[in-house]
Amino acid sequence: MFRLETFRLIGKTFRRFLSLTVIVFIGAGFMMGLLSTPDVMRRSVDIYYDHNKLPDVKIYSPYGFGVEDYMTLQKANGIDSVFASKEIDVYCGKNGDTSKVCRISEISRKNNDYELVEGRLPQRKGECIVLYDETMETMDVGDVVTLDYGKKNIDEYLASDRYTVVGIFKSPEFMSKFLGTSTFNNEELQFVIYVPNSDFLTDYYTTMYLQLEDADKYMSNTKAYDRYINKKITDVEDVASEQQSYRRDKIIKEAEETLDQNEKLFNQMKEEGQRQLDDAKKQLQEANIQIVTYEAQLNVLEGVISSLQASIEKDSDILGSIYSTTVDVEGDINNILEIAGLDGIYFGSGTMEYVYNEYNKTVAQYNSLRGQLNSAKAQYQEGLEEYTEAVITFEKEVEDAELQLKLARQELDELPSSEWIILDRDKFYSAVMYKNNTKQMASIGIYMPIMFFLVAALVCLTTMKRLVDEQRGQIGIYVALGYSNIQIIGKYVTYAMLASLVGGIAGIFVGQALFPTVIYDTWRMLYNLPEMRVMFPVKYAVISVGSFVILMCGLTAYVVNNTVKDVPASLMRPVAPKKVKELMIEKIRFLWNALSFTSKITARNIFRYKARFLMTIAGIAGCTGLLILGFGIRDSVSDVVDIQYGKILTYTDRIYLESDEYIDNFMATLSRDPNISSLSRHMTYMTKVYLEDDDDTANMVVISPYEASVAFGLNETDRKTPIKLDNSGVVVSEKFAKNHSLKVGDRITVESVNGLKATVTINNICEMYYQHFVFMTDTLYENAFGEKAKDNVIAVKTSNSDLLKVEASNLEGCVSVFNVGTFRETFFTMVSALNLIILVIILVAGSLAFVVLVNLTQVNISERVREIATLKVLGFNDHEINMYIFKEILLLSLIGCVVGVPIGIIEHHFIMNSLNMEGFMFSKVINLPSYIISFIITILFTIIVLMFMRKPLQKVDMVESLKSVE
Amino acid sequence: MSYIEFKDVSKIYQMGEVEIKALDEMSFEIEKGEFVVILGASGAGKTTILNILGGMDTATSGQVIIDEHDIAKYDRKKLCEYRRNDIGFVFQFYNLVQNLTAKENVELALQICKDPLDPVETLKLVGLQDRMDNFPSQLSGGEQQRVAIARAVAKNPKLLLCDEPTGALDYQTGKQVLKVLQDMAFKEKMTVVIVTHNSALADMGNKIIRVRSGKVDSVKLNKKPKKAEAIEY
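For the protein sequence lines, the chains are A and B, in the order given.
Mapping to this note's numbering: the first sequence position 547 is 547, numbers consecutive.
Numbers in this note's numbering are just positions in the second sequence, counted from 1, shifted up by 1000.
If you are wondering where the hints come from, they were derived from the structure by calculation, not from laboratory data.
Predicted model, so just to flag it, every value in this text is computed and none were measured.
For glycine and all other residues, C-beta sits at the position ideal for the given N, C-alpha and C.
Hints are supplied without guarantee of correctness; some may be wrong.
Claimed, not checked - Cβ-to-Cβ under 8 Å is the rule here; a few derived chain B residues that face chain A: (1) Gln-1092; (2) Val-1097; (3) Asn-1099; (4) Leu-1100; (5) Lys-1103; (6) Glu-1104; (7) Ile-1112; (8) Pro-1116.
Taking the hints into account, I'd like the entire structure generated from these sequences.
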C-alpha cells in the first residue's frame, strides 16, 4: 500500500522526479564517461602496443652493438625477445630538397612493429617506406627522397642516397605527431623512413629493442605496468653492467693490438735506422784516418822535396857526399813510399840528372797526393754533413712516432665510458606523451564530476524540501496513523532512490557510449591512434551510480527526518511562512525605494531561500567556469604558438651553417634580399647542464646583446619586463628553471661547444614555452671557456621563406634552413583538435545550466502558484508575471556568472598545470573575449530556459488563488 | 441600463462525456455604488459568477456588461486589462505577497493600474496606518484581510469583488472587515459585490441576490442595510 503510494507520488510529481533523474543522469553519465575514458585510452593503445610489439625497453650504446651483445641479450633472463636495429638520422627531402630532418631505420624482420597502410614493402635497393602522417605535407608513394648526411659521407652508411617511396606505414613507436628530436642537431624529426636492412652498410647495430617477459600481461600506461617494468628492468641492467663494456673492451683490445704492432714496427725501423747511421759514422771515421795518413805522407814528401831541392841548388862537388846521402835517403824514401803504398823511387848512382829526375818525379807524386787528399777531405765533409742531417731527421721522426704512439694510448685510455642507455617507455617520445595525456584525462575525470556532485546535492535538497513541504499534511496523517519515522523516511528515500537509480543507470550507459568516443577521437587528431576498444568498467559504473544514490538518499533522509520530528498536529497545519527579515539593502532607504516591486520581491526572495540561492549560483557558476575553462584552454594553447613564434623568437627562419667562416658571406648576400626585415647571428648547440639533482640538456644560445635584441624578445617570467643579456651571467628558460627549481643567483655548469665545462651564474629566468634554453653573451662565453664563440646560425625574419630557402641553399656552407612556420602550422592543426573538447565542455556546461535553471524555475513556480494566480487576478499581464519570476533567476544567473569567473580561472589553472608536457609550457592567460563569450553563452542558456518556462507560468490557473491554503 | 448586467449567462463545463451547467441562463443587475451580497450554498454557482465577474473565466453564452462593455466577448488580453483596471479582488485567504510589507502589497497593485489612490491614504482608510511597514506574517488575519481590501480599493476599481471575505476570520475580526467593506460602499461610493454562503451577511447589503443550481433564486432590495457592527453570525 505504502509502496503503491510511492509510485503514485512519482506520477503526481513527475516533473520533480524527472529533474532529480536528469541531474543524476548527467552527473553519473559524466562521472562514468570521464572515469572510464583513461581506461579506454589505455586499453586501446595497450592492445595496439601488444599486437605490434612496441618494445618495453630500448637500449642505445655509444659504441653501437655487436652480434655478441645481441646474443647475450637474447639469452638473458627476463627478456622475451630482442630486436637489433640500425638507425641513422640524416637530412632528407623530396625532389632534391634536403632540409628536413629524418630518421632512417632498417625494416625489422622479427618484430612486426609497423603496419603497412598503403603500398608495398621495398623489394630492391633504393626503395623505402615512410611513416604515415596526416597533418603534414608528406611523402606519397612514388616520391623520391634524397638523403644528405652533411659533412659525413652517406655511402659509408647506406647503400643509396636516393630512395623511392613504395609504401606508407604506421608504428606504435611513432604514435605522436611529434616524432621526437634527431640525435645530431636536436631538431624535430619530420620523417621516419624504413629501408631494407641490407641497405645498411655499417656492421654494428645502433639500437636494441627488447620485449620483457610477461610485460604484455600488464596494461600499458598504468602503475602496475610501471612497477613491473621497474622490477624487470634490473635484469636488463644486470646484463648491461656485464655486457656493456664488452664492445668497448673489444674495440680497445683491437686498437691496442694495432698499436702494439705499430710499436714493434716502429722499434724495428728505429733499430734499422740507427744501424744505418752507425755504419755511416764508421765510414766517416775511416775516411778521416785516410786523410790523416795522406797528410803524414805529404809531410814526408815535403821533406824529401825540400832536401832534393837543397841538393840541386848546391855544387856538383858536393854530389859525392850527396850521393852517399842519396843512397841513405833512397832507402828512407822507399821505406816511406812503401808505407804510403807508392812506387819506390830509385836514386841514380851519383848523377845530378838522376837527382833532378827524382825530384821532378817526387814533386809530381806530391801534387797528385795533395789532390787525392783534397778530394778525400771534400768527400768527408760532405759525408759528415749528410750524417748530421740524417741524425737530426732520425731523431725527429722517432720522437714524432713515439708521441703518436703515446697519444694513441692516451686516447684509448680516455675513450668514453661504454655505459648503455636503457630507456623504458617513459622515455619514448610518443609513449610518454600519450601516457601523460592519459593521466591528464584521469585527473580531469576525478575533478569534473565533483562539481556535478555538488550541484546534484543542491538540486536534491531543494526539490525534496519542496516535496516534503507540500506533503506535510500527508506526512502528518502517516504519523498520526502510527507509521514509524523510519517507514515514512523510507517512502521518500525510495522516491529519491528510484530517481537516482533510473537516472544513474541511464547515465552510465550514455556517458560510457559518449565521452570516451568523443575524447578518444579528439586525441586521435594528435596521435595516430588505433581503433578504440569499447569496454565497460563495472567498477566505475558502481562508483558512479552508487555515489549518486547514496548522496540523494542521504539528503532525502535528512530533509524528511527534519519534518517528521514535528508533532502530527503541527504537521497538519501549513508551514508557517518563513519570517522575512529586513535586508541590508532596505536600510539604505533611498536605494530601496527606488527599486520597483518586482525588484524588491526579487531581492527578498533571493536571500530568503539559501539552498536555492546556492544551487543556482553553483550551477551557473559551474557553467560559466566550464565555459571559461574551455575557451581558456584554447587561448592558452594557441597563445603559446603566437607568443613563442612571434614575440619570443622573432625570426621566421633559421639557417644552420657548417662553420663560422661562411657567415659573413651569408650576411652580406642575404642583406640584399628586400623581403628580409632582420638578420642576426649567433652560435647554438646542445649543452649538457650539470645540476645537483640530475643532469639535463638545453639549447645553448651564445649571442651578443645586440644580436639577441634582434632575434629574440626575452621577457622575465612576469611577461612584461624585458631582459637584457649581460656578461655577468646566463639566462635560462622558465620551464627549465621550474623543472630543476633553479632561482636567479643559482650556479649551473654548462659546456662549451667543444665540451669544456664552466660554471656560470643564472642572471635571469625568461618566458619560454617550448624547449629549454640557456642564453649567454659571446663575451661571457669567451671569459668562461677561453675560446671565441663561433656563430653557426643566422636568424632571419623574412616575408618570403621559400625564396630564402633557395637563396641560402645555393650559398656555400649552408647546412639547412629551418622554417618556423612549418612548426607553427603543425601546432595549429593540433590546436584545432581542441575545438571538439570545447564543444563537449559547452554541452556539459549547458546541461548543467539547464538542469539547475529548470529545477529552480519549477520550484519557484510550484511554490508560488498561489502568488502567481493572485497576481493574475490582480491584473498582471503575462510579461509582468514572467518578469516577476524570471527577474530573480536572471539576477541569480548574473551572480553565478560573476562567481564563475574565479572558478573558471582556478579550473583553467588546474587543468593547464596537469596538461604539463615535457619541454612544453602553456600560457595561463585567458583572453578577454573568452570571458565575454562565456558570459554571453551562460546568459543565453538562462534565457533559453526561461523561454521554455513561460508556458507553465501561463498555465497557472487563477482559480488557484481561490483555493484554501493547504 | 444598469452599471453591471448579467444577461442570460450560461457556463457549461465539459467533464468528459458529461456536461455540467454551472450557470443556467442567469440574469441580474447591479447599480453603481450598490453593496451587493450574492448568497448561495456550495455548488449553487457562486464561484462561477465570481470567476466570470472577476474576468478570470469567460461565459459560454450570454452577455456580461460592465459599464457598457460586454466582457463576455473579451479575449485573454482584454480580460487581463479588465482585471487590471476595473476589478478589485478580495480573497478568502487574503493572498498577500509574503515578501512584501503591508504598504508594499498595496503599492504592488498600484504599479499596474492607471488611476490609483494613494496607498498610505488607503491603508489609513482600513485603519492600518500603524502597520504599514509590517510583513503579512507579522499581521493578524483581520489585519491581513484589511491590507487585501486596501490593495483592492487602491486600484480605484469599478467593482470591488469579495470572495468569502470573512471565511477565514473569527467573528470579531470578521465584523471589522465587513465594516471596512461597508464603509467602502457607503462612504466611498464604491460598487461592492460580496460572494458568500453565509446568509447572516445578507442584511448588510443594498441588494441580496440568492442563487441556486445556476439560477437566480431571488433578488431582494434592502432599503435599510444593517450596520456591519450589528451583524450576528
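Hints, verified against the model:
no., hint, in the structure
1, Gln-1092, "7 Å, holds"
2, Val-1097, "6 Å, holds"
3, Asn-1099, "4 Å, holds"
4, Leu-1100, "7 Å, holds"
5, Lys-1103, "11 Å, violated"
6, Glu-1104, "6 Å, holds"
7, Ile-1112, "6 Å, holds"
8, Pro-1116, "12 Å, violated"
In terms of the numbered hints stated before, the structure departs from hints 5, 8, listed from lowest to highest.
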